[in-house]
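Visitor: Sequences are here, hints too, so could you generate the full structure?
So for the sequence shown, my numbering puts the first residue at 11; every next one is plus one.
Only true hints are included.
Result set (DSS-like, lysine-lysine): computed pairs, CA atoms no more than 25 Å apart in a straight line:
{"id": "1", "residue 1": "Lys156", "residue 2": "Lys12"}
{"id": "2", "residue 1": "Lys12", "residue 2": "Lys39"}
{"id": "3", "residue 1": "Lys39", "residue 2": "Lys114"}
{"id": "4", "residue 1": "Lys12", "residue 2": "Lys36"}
{"id": "5", "residue 1": "Lys96", "residue 2": "Lys156"}
{"id": "6", "residue 1": "Lys96", "residue 2": "Lys12"}
If you anchor each label on the Cβ, the simulated ranges turn out as follows:
{"id": "7", "residue 1": "Trp61", "residue 2": "Asp38", "range": "18 to 26 Å"}
{"id": "8", "residue 1": "Lys36", "residue 2": "Phe95", "range": "34 to 42 Å"}
{"id": "9", "residue 1": "Arg110", "residue 2": "Glu34", "range": "17 to 25 Å"}
{"id": "10", "residue 1": "Ala145", "residue 2": "Val46", "range": "15 to 23 Å"}
{"id": "11", "residue 1": "Glu85", "residue 2": "Asn48", "range": "26 to 34 Å"}
{"id": "12", "residue 1": "Ile35", "residue 2": "Lys96", "range": "25 to 33 Å"}
{"id": "13", "residue 1": "His151", "residue 2": "Gly112", "range": "30 to 38 Å"}
{"id": "14", "residue 1": "Tyr45", "residue 2": "Glu85", "range": "25 to 33 Å"}
Don't read these hints as lab results, they were simulated from the structure.
We put the CB at the ideal spot given by N, CA and C, even for glycine.
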Amino acid sequence: MKIMLIGASGAGKTTLIQRLQDNEIKYDKTQAIEYVGNFIDTPGEYMQNRWFWGPLTVTACDADLIGFVHDSTDEDCWFNGGLAFKFDRPCIGIVTKIDRPGAKPSRSRNYLEYAGITENNIYETSSYDGTGIDALSEAFHRILDK
Numbered sequence: 011m012k013i014m015l016i017g018a019s020g021a022g023k024t025t026l027i028q029r030l031q032d033n034e035i036k037y038d039k040t041q042a043i044e045y046v047g048n049f050i051d052t053p054g055e056y057m058q059n060r061w062f063w064g065p066l067t068v069t070a071c072d073a074d075l076i077g078f079v080h081d082s083t084d085e086d087c088w089f090n091g092g093l094a095f096k097f098d099r100p101c102i103g104i105v106t107k108i109d110r111p112g113a114k115p116s117r118s119r120n121y122l123e124y125a126g127i128t129e130n131n132i133y134e135t136s137s138y139d140g141t142g143i144d145a146l147s148e149a150f151h152r153i154l155d156k
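Guide: Encoded structure:
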């Protein structure tokens, strides 16, 4: 099972992977697409620069599930409308950093729904305090075990 995470730079993709794999959480800027256990970690710049959408699309062929990650403190939306339909894979929405001051999970949910993620497939998480991590992990298994 491979899960590819996409989202803007600083959205918390790498930190989320560290949490899900019970690794020490430490800052690590992703410079290139990396295969990390069951995850495919992608640089945020690939999402933020449409010139790199080609490599994201090709890499998605290696994934069984695509996770759209949005930082709940980020006011910007980097997802195009209906972007989830571009991938021939199940997609899930992940709202990160819900424990941070200024977090607005409802805004992130709106952005993820705009991208084509259904409301019942959006999960709110905090990689630091663990909120929502078990529910997200269970969702990964439920979707991939179908």
